[in-house]
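Chemist: So the chains spell out like this:
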Amino acid sequence: MNRITVERVKDEAKNVRTLFFRWDQKISAGQFVMVWLPGLGEIPMSLSYIGSLKGITVKAYGKVSQAMIELQPGNEFFIRGPYGNGFQVESGRKLLIGGGSGIASLLPIADSETDAIISAKTRDEIIFADRFPDSRLFLATDDGSAGFHGFPHDLLDRMDLSVYRKIYVCGPEQMLYRVMLKLRDRHVNAEFSLERTMKCGIGICDSCSVGGLQVCKQGPVFSIEQLKDNPEFGIYRTTYSGKRISLNMK
Amino acid sequence: MNRITVERVKDEAKNVRTLFFRWDQKISAGQFVMVWLPGLGEIPMSLSYIGSLKGITVKAYGKVSQAMIELQPGNEFFIRGPYGNGFQVESGRKLLIGGGSGIASLLPIADSETDAIISAKTRDEIIFADRFPDSRLFLATDDGSAGFHGFPHDLLDRMDLSVYRKIYVCGPEQMLYRVMLKLRDRHVNAEFSLERTMKCGIGICDSCSVGGLQVCKQGPVFSIEQLKDNPEFGIYRTTYSGKRISLNMK
Amino acid sequence: MADLSTSIAGIRLENPLMLASGILDENGYTMLDVMKNGAAAVVTKSIGNEERDGYSSPIIVEYGDSLINAVGLSNPGIDNFAEEIRIAKQAGKPVIGSVFASDADGFTSLGLKMQEYGCDAVELNLSCPHVKGFGLEVGSDPDLVEDIVNEIKSKLKIPVFAKLSPNVSNILDIAKAAEKADAYVLINTVKAMKIDIRARSPVLTNVYGGLSGPAIKPVGIRYVYEVKKETGKEIIGVGGIASFEDAVEYIMAGASAVQIGTALYTKGKGIFRDIISQMNTFMDDEGFGRISDMVGVAIR
Amino acid sequence: MADLSTSIAGIRLENPLMLASGILDENGYTMLDVMKNGAAAVVTKSIGNEERDGYSSPIIVEYGDSLINAVGLSNPGIDNFAEEIRIAKQAGKPVIGSVFASDADGFTSLGLKMQEYGCDAVELNLSCPHVKGFGLEVGSDPDLVEDIVNEIKSKLKIPVFAKLSPNVSNILDIAKAAEKADAYVLINTVKAMKIDIRARSPVLTNVYGGLSGPAIKPVGIRYVYEVKKETGKEIIGVGGIASFEDAVEYIMAGASAVQIGTALYTKGKGIFRDIISQMNTFMDDEGFGRISDMVGVAIR
Ligand SMILES: Cc1cc2nc3c(=O)[nH]c(=O)nc-3n(C[C@H](O)[C@H](O)[C@H](O)COP(=O)(O)OP(=O)(O)OC[C@H]3O[C@@H](n4cnc5c(N)ncnc54)[C@H](O)[C@@H]3O)c2cc1C
Ligand SMILES: Cc1cc2nc3c(=O)[nH]c(=O)nc-3n(C[C@H](O)[C@H](O)[C@H](O)COP(=O)(O)OP(=O)(O)OC[C@H]3O[C@@H](n4cnc5c(N)ncnc54)[C@H](O)[C@@H]3O)c2cc1C
Ligand SMILES: Cc1cc2nc3c(=O)[nH]c(=O)nc-3n(C[C@H](O)[C@H](O)[C@H](O)COP(=O)(O)O)c2cc1C
Ligand SMILES: Cc1cc2nc3c(=O)[nH]c(=O)nc-3n(C[C@H](O)[C@H](O)[C@H](O)COP(=O)(O)O)c2cc1C
Ligand code: FES
Ligand code: FES
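Chains as they are written, first to last, in our numbering: chain A, 29 to 278; chain B, 29 to 278; chain C, 1105 to 1404; chain D, 1105 to 1404.
Among the clues, some could well be false.
Said to hold, decoys possible - What follows is a list of derived Cβ distance ranges for each label pair: (1) GLY1114(C) / THR267(A): 56 to 62 Å; (2) PHE48(B) / ASN1384(C): 27 to 33 Å; (3) MET1105(C) / GLU253(A): 30 to 36 Å.
Claimed, not checked - Residues from chain A that face chain C, not an exhaustive set, calculated with beta carbons under 10 Å: (4) TRP64; (5) PRO66; (6) MET226; (7) SER237; (8) GLN242; (9) GLU260.
What the hints assert, rightly or not - Derived PhoX-like pairs (lysine-lysine); straight-line CA-CA distance at most 20 Å: (10) LYS149(B) / LYS87(B); (11) LYS1284(C) / LYS1333(C); (12) LYS1280(D) / LYS1217(D); (13) LYS210(A) / LYS256(A); (14) LYS1193(D) / LYS271(B); (15) LYS271(A) / LYS1280(C); (16) LYS1333(C) / LYS1236(D); (17) LYS1337(C) / LYS1140(C); (18) LYS1259(D) / LYS1284(D); (19) LYS210(B) / LYS271(B); (20) LYS1257(C) / LYS1140(C); (21) LYS271(B) / LYS1217(D); (22) LYS1259(C) / LYS1284(C); (23) LYS1217(C) / LYS271(A); (24) LYS256(B) / LYS194(B); (25) LYS1217(C) / LYS1280(C); (26) LYS1236(C) / LYS1333(D); (27) LYS1257(D) / LYS1333(D).
In short, the hints are calculated from the structure, not lab data.
Quick reminder that beta carbons are idealized off the backbone N, C-alpha and C, glycines included.
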């Protein structure tokens, strides 16, 4: 376990905060860490900044993530990792598709040739829009309060994807799945970063598996080829107990 | 454990045989290995050849060493190691003093500038005399059957030791002790390789200790400074059970 | 080419390597993938009569190449597990259903369900060291063990394996109590824990967990050797196997087959194929024609 | 500068690090040298009433940084040991005499001799896992343990430590039986063995031995934590300590002092000074003024 001290915090939106800290560790874009708050629990978190100053962008859902967004400079937390494979970053023009806080883990691969679709339920939940020039940014909201009114996969219908060397997607599985269905037949090069229940983070507990692949170890980033015929991606997941439930998205 | 196959054997004297073998392992002159014959036991042995062809020169004392000298080409034994510090080999003129089979572990440091005193109880037990030109060799036997009649330390009285950059000594502790007493006041640079009961070979069982030093780990080679005020060297040893017994040599 | 096939309780295995219970065996697709990667059989995660979340995270601590876990027997409950067995069975290889309960009736009803789902054998988890009322608490009581094993054996057609704990004073008493089982599985994890000195706190939510991986291999070898020597029964060896040497060491100590768990963390699923090919070379070099030639050869 | 001194059963130690029994403590000069290298105290090799050669070599197997040993309680016999204690005592630090026997009378007569020789405490080896009739065979029988501890406590003036085994189903039963002891020492080695697959043979002459070193640290931490939490008694922690973090982990689990054995193989005698200086820095950084501030802080 590494003990980390919060150096600085930045509020990105309601219930979303980036914690900045120093950690002398090489990390690839797309990798994640397991964050432990003693007495509270441990959860997986991607890194939104991977330079010498590192950052984690947390959206509060439950007990642990809520406690994380309450951390102040000087407060401490513990991490193990980094884990997972990370993105295969290619030079050339890229498109990032980030749903909700999903854009956070895509940030480290953004450069001057990168376009981004950032989507959220509503305008207030859009984060990191300021990291992209207007000319390279597409916004989408479920309620139409900002940008395109609808989901990212619908927006894709209107875009010329042939200009992109590679497309990188991160967000809720529903969104990833629908984007995958759109891209599948358009012969594009795409990578998806998945989120599943993660207990161990190191490829042994089976809680994060999707069609035989461990998201924590063989992922969290998968190529479109690995996912398009996957029997569970977008279809089933297992709960914390290991019970198979349908995602009902077909 | 490393499994070793005997490649070739050479009889050096009655009950003394060198076993040659290949072992891809860097070894310093003076280091030793623990030789295991399954079902029989394990004993420490120095290496008499340390190049790409390695050799152990065994003198039969008891169960294990007796079985070792009966090994034939193609037979196998097991070793762990190498252990111990080895000699600090210096360039320039050297004198080796080997008592009994002690000369074996000094062989690897012999070069064209090296003189040797080889001693034994009797003529038949002298080994490796052929490895030194007559001009560089002094023989000594307890019974006078070859060379000087007497012990190596007595022979030293007649030699000019100031010509040697360093003196290396290996043999029974009685001999080492007496040589040490002679050299102590003559301000020479000398190293002694000790043999004591060795059970572990790795510095934890205390069976090989001499005045707080572990022969297996801090030795087997010690400088004259480490030995000259040692409260046990030449004075006491402990038996296999750990019982202190006097060497009665003072 | 040596013949790597072996058999345990009459079940033929194409090689001696099985997946250990609790590691990558909760989801049918994962078990399928592990068998595609060379495992001759899988043992499922231990399943109980009721759905259980197990402990909340942290449930695992890395300790070098070894692990300390307190998953807490999380499982979907036997009634939700049929589908996973069905998926795993698509590999066409043996699937062994691991079960845990606190008494003979509980074990028996689980065993019957596993049999109904098509499992080739049932493995009784008498040894999980970190959940109150189950596992070790059951498995260290010889009378209870005897009761469970005798009862389930009288009801099931498929073979029954008894997985025993290293956390006992005398394993032979327990082995004897379980002697009606078709084979023993040795060993489960060793009770252990980790404190983070900077957090000044135990790391696992449950405080205590089970140590697995290379740290426990010498302990596992000793149990397999001792139990084989004293009982002569068939044994599946498990605990810290991460190389072909480790697998062969267990076999020479008396195991007819082995299970691999923690090494999937350090070596990934490729470990099965790697060990198979290296074991083959070893057997050819050493003149062993078949696995049974090696079973127990080191016993004195 | 933090204050590293501690005390155990009223014996003051300049720092919490002692030498464990059986490692470099058969010869008085070696014990002296270990204390010159920074150990605050030494525990002697376990001494019996009669001289014993122990097992013939091989008596040790290297397993990574860990070891498996079956020395077999070799010792010169108590009557030949006075001189070693006399030499060791020249360090001016506490010397603890470890003893083994098979019954209360045997332990008591050994304890009286150790007291006569000037030892500051006696440590009862109730836990060696590889010698028939001694150690674990004695230490896993609660009635016998109670008898031994009560008898020797009634005869000796110096403190008595009870060294317990991890090779038992329930350590609390044994700890309770030994509750008259002034402190517990936890843990001895874990029963284990090694087979060399090319020799097709167990390596140790005795076949079975005891596992020590980093492999058993998580097991030792668990026992110290559990026994401290349940009994509150003073504990000396031992098992796999090879760094200041390990020592602090034992202290936070409840140990008032620790012993180091196997790490002398990997780190040499310099380990004592290294740990002392690093523990000092750690305590300063973390705001711990004295060892007692850390004892058991991780217990929940
Ligand atoms: C590889 C990976 C990377 C991740 N990176 C980030 C990141 O950078 N930033 C971030 O904020 N989160 C990230 N997450 C998600 C994060 O781990 C979860 O939000 C967290 O586990 C929630 O834990 P909790 O204890 O706060 O909530 P819990 O108390 O466990 O859950 C509270 C409620 O929220 C629901 N919930 C929990 N997580 C999610 C979710 N992800 N989506 C929808 N509902 C959810 C639960 O079902 C439950 O009902 C990542 C997850 C993975 C697998
Ligand atoms: C560092 C080191 C390096 C060594 N290198 C060599 C080497 O290169 N060649 C070699 O032949 N030997 C060497 N020895 C000595 C060798 O280890 C012993 O001779 C051996 O242990 C004897 O074992 P055994 O089982 O054959 O005899 P045992 O059955 O143990 O002993 C039989 C009898 O011989 C006596 N004895 C055993 N060893 C010696 C001895 N060294 N001197 C006098 N009496 C003895 C015993 O006391 C006993 O009475 C070395 C020893 C050490 C410590
Ligand atoms: C994360 C984890 C979960 C485990 N769960 C179970 C389980 O549910 N049932 C069981 O019988 N053993 C379980 N075990 C024990 C393993 O099956 C195996 O006995 C032990 O880990 C030793 O083997 P290894 O060193 O190869 O992992 C688990 C082990 C680990 C590491
Ligand atoms: C070679 C060796 C010999 C030992 N001899 C004894 C002994 O005589 N008496 C005893 O109580 N413990 C003995 N032990 C156990 C140690 O004192 C200690 O409890 C154990 O090794 C765990 O600590 P470590 O991991 O620091 O070595 C011995 C251990 C080793 C490795
Ligand atoms: S989180 Fe355990 S296998 Fe992925
Ligand atoms: S042989 Fe054991 S300490 Fe030297």
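Chemist: Each hint: holds or not?
Modeler: How the hints compare with the structure:
1. GLY1114(C) / THR267(A): 56 to 62 Å: violated, 36 Å
2. PHE48(B) / ASN1384(C): 27 to 33 Å: holds, 32 Å
3. MET1105(C) / GLU253(A): 30 to 36 Å: Roughly 35 Å apart at Cβ, these two residues keep to the hinted range, so it holds.
4. TRP64: holds, 6 Å
5. PRO66: Where the cut-off is 10 Å and the nearest Cβ of chain C is about 4 Å from PRO66(A), the hint holds.
6. MET226: holds, 8 Å
7. SER237: holds, 5 Å
8. GLN242: The hint holds - GLN242(A) has a Cβ within 10 Å of chain C, the shortest such distance being about 7 Å.
9. GLU260: holds, 6 Å
10. LYS149(B) / LYS87(B): holds, 14 Å
11. LYS1284(C) / LYS1333(C): holds, 17 Å
12. LYS1280(D) / LYS1217(D): violated, 26 Å
13. LYS210(A) / LYS256(A): holds, 11 Å
14. LYS1193(D) / LYS271(B): Holds, because 18 Å separates the two Cα atoms, which is no more than 20 Å.
15. LYS271(A) / LYS1280(C): Since the Cα atoms of LYS271(A) and LYS1280(C) sit roughly 36 Å apart, the hinted pair is violated (cutoff 20 Å).
16. LYS1333(C) / LYS1236(D): holds, 17 Å
17. LYS1337(C) / LYS1140(C): Measuring from Cα to Cα gives roughly 30 Å; hence the hint is violated.
18. LYS1259(D) / LYS1284(D): holds, 13 Å
19. LYS210(B) / LYS271(B): violated, 29 Å
20. LYS1257(C) / LYS1140(C): violated, 31 Å
21. LYS271(B) / LYS1217(D): Given that 20 Å is the threshold and the Cα spacing comes to 17 Å, the pair holds.
22. LYS1259(C) / LYS1284(C): At roughly 13 Å apart (the allowed maximum being 20 Å), LYS1284(C) and LYS1259(C) satisfy the hint.
23. LYS1217(C) / LYS271(A): holds, 17 Å
24. LYS256(B) / LYS194(B): Measuring from Cα to Cα gives roughly 16 Å; hence the hint holds.
25. LYS1217(C) / LYS1280(C): Status violated; Cα separation ~26 Å.
26. LYS1236(C) / LYS1333(D): holds, 17 Å
27. LYS1257(D) / LYS1333(D): Not satisfied, since the Cα-Cα distance of roughly 24 Å exceeds 20 Å.
This entry does not satisfy hints 1, 12, 15, 17, 19, 20, 25 and 27, going by the numbered hints stated previously.
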